[in-house]
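Student: Now for the letters of each chain:
Protein chains: 2
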Amino acid sequence: MTVRASAPGKAILFGEHAVVYGKPAIAVAVDKRASVTIREGSNDHIQVKIPELNVYGVINTETGDVSQLNSEGEVDQKPGTTDVGIMKFIKSALSQTDLGSSLDHGLDITVNLEIPIGAGLGSSAAITIATLAAAARYKGQELSLENLAQMGHQVELEVQGAASPLDTTVSTLGGFLYFTRERGAVRIKPALEMPLVVGYTSQPGNTGILVEGVRKLRQAHPTIINPLLDVMEKLTNQARESITRGEEKQVGELMNINQGLLDALGVNTTELSRLVYHARRAGATGSKLTGAGGGGSIIAYCPGKTREVLEELESVENAFQVGISSKGVTW
Amino acid sequence: MTVRASAPGKAILFGEHAVVYGKPAIAVAVDKRASVTIREGSNDHIQVKIPELNVYGVINTETGDVSQLNSEGEVDQKPGTTDVGIMKFIKSALSQTDLGSSLDHGLDITVNLEIPIGAGLGSSAAITIATLAAAARYKGQELSLENLAQMGHQVELEVQGAASPLDTTVSTLGGFLYFTRERGAVRIKPALEMPLVVGYTSQPGNTGILVEGVRKLRQAHPTIINPLLDVMEKLTNQARESITRGEEKQVGELMNINQGLLDALGVNTTELSRLVYHARRAGATGSKLTGAGGGGSIIAYCPGKTREVLEELESVENAFQVGISSKGVTW
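Residue numbers (my numbering), protein chains in the order written: chain A, 76 to 406; chain B, 76 to 406.
If a hint is listed, it holds; no wrong ones were tucked in.
Pairs involving identical chains hold if they fit within one copy or between any two copies, as the list cannot separate such chains.
With a cut-off of at most 27 Å between alpha-carbon atoms, the simulated DSSO-like pairs for lysine-lysine come out as follows:
| # | residue 1 | residue 2 |
| --- | --- | --- |
| 1 | K309 | K291 |
| 2 | K291 | K380 |
| 3 | K324 | K380 |
| 4 | K324 | K291 |
| 5 | K214 | K402 |
Simulated from the structure, these hints should not be mistaken for laboratory data. Computed from a predicted structure; not experimentally measured.
Produce the complete structure using the sequences and hints provided.
Tutor: Quick look at the structure:
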């Protein structure tokens, strides 16, 4: 039997980090996806291939250990941390659906990835959701979208420690979402186009470390960071209004303010800042880091200037245009 | 008769821009000064020389026109804006003290400048205060420090339009000051050393344009920018406590947060951001833009790392170490 599922990456437009403290965020699913194919295995192991990353791994179903194989199929003793990181999400997703241990045969799992890793574009959530959906399908299990998103969040919590359910929710539902931890996701109806360009640095950010850094800063300076998070909340709510009213200029200005507030939280870097300013110079109406920061990506909102911003960011680092995907998980 | 006066430049540690809206700021006088020497003129004109900038100008006492002369003493028809800008401060200061029009002879005025122009280090305030003090002395007029600071502020208002009285107050009083528009300056007693390195970009910032930009942003987004200014107030007050308690790490963290908030106000640039991050990488405990931004300078607080930060910033742009000067205007 072969099953396949896919789920989109996401870009946070407003409110990252603040969302950890119960504040709202606005995020979109993007038209870059992770696809997971599960087949009956050629041996007793669970083999995982991620061709785009040249990663080949084996999950030991008895011990739960993850080993990385090189392209000759030998165990690599010095695996890259990012790659093993991805394997952990897959392993945890399989264990959530109880797939690995309930079978009398191995599995061959192939992950196809259009989303860059560690770029703040929700690659781990997309892989997690697609793996969960494919695994449930393999078992013939019915899962509601709500269940799927919840299980995805559990996987992220298990692997990363701290995590917001935002990524897994967007990856599951798709579209343009206003999100709070308490009330979950609400769809936004934008009254404007959202031409977005992503610029990403070669350095991935570590979400766990960055979330912890903000927690420590808030602990050291509660009288400053708490009202700052309140400002972020107001900003995200204002942005929601501007998006539904089609106020392009306002949306851009609010992104720029949000970028400064993220810098104040200590999650900006010189590379991200450079991309942010280059995008504005090339005509972006607004630009900011997206996701956890500390590396990873910026997102530029560039009505009428997509080509100019794309060319400018490509001259500095890596960049690509993203569209908003109304499709969430499919299987 | 020859009279001479000098006044220090300043560096704002916390609260720039917020100070325009009645919030507090913390500033120090630095050990870089402007000195003004006034002599009876060799002809009927008021001649002004600023050797460090290669600027030679004439103020027409009847029309008030300012012409710039080249080094051969001919009127330059295409003067640089910055240089004529400086002449305007001198002209306005002379007119405040009523010196130019009350004499039956011309004046030779020499300005010696240790402070880079347009770098956010208060060069115009230092020149203004030193000119006012020297002119008053030339007339045999007694001026209190309070009067001098007030007249200096009038000059800045006349030349720049919007201006905070902070620069002229620091330039007059010297030392380590906590400043609000309403209550003026209060001396702070720091319980720590303040080893500072200034990094400055080759692009000067235009204070008037930057202050106007913040005003417009606040007008467009009052529900976001007003509470943001409140956060800046809390931050500056917290910084004052940390400085008087000798909490080095806190002071640095607060500078870093302040930098992000200034970025949110739209007064940061890619060049400033680069210097800010390079300083932190080289070991600065905190770093931020200082003054109006949009170009100009950053200031890095680097206990135990002055040499490292200085070398790092020099490898990127211009940098120098500054000490805090307890001396205000002298004459």
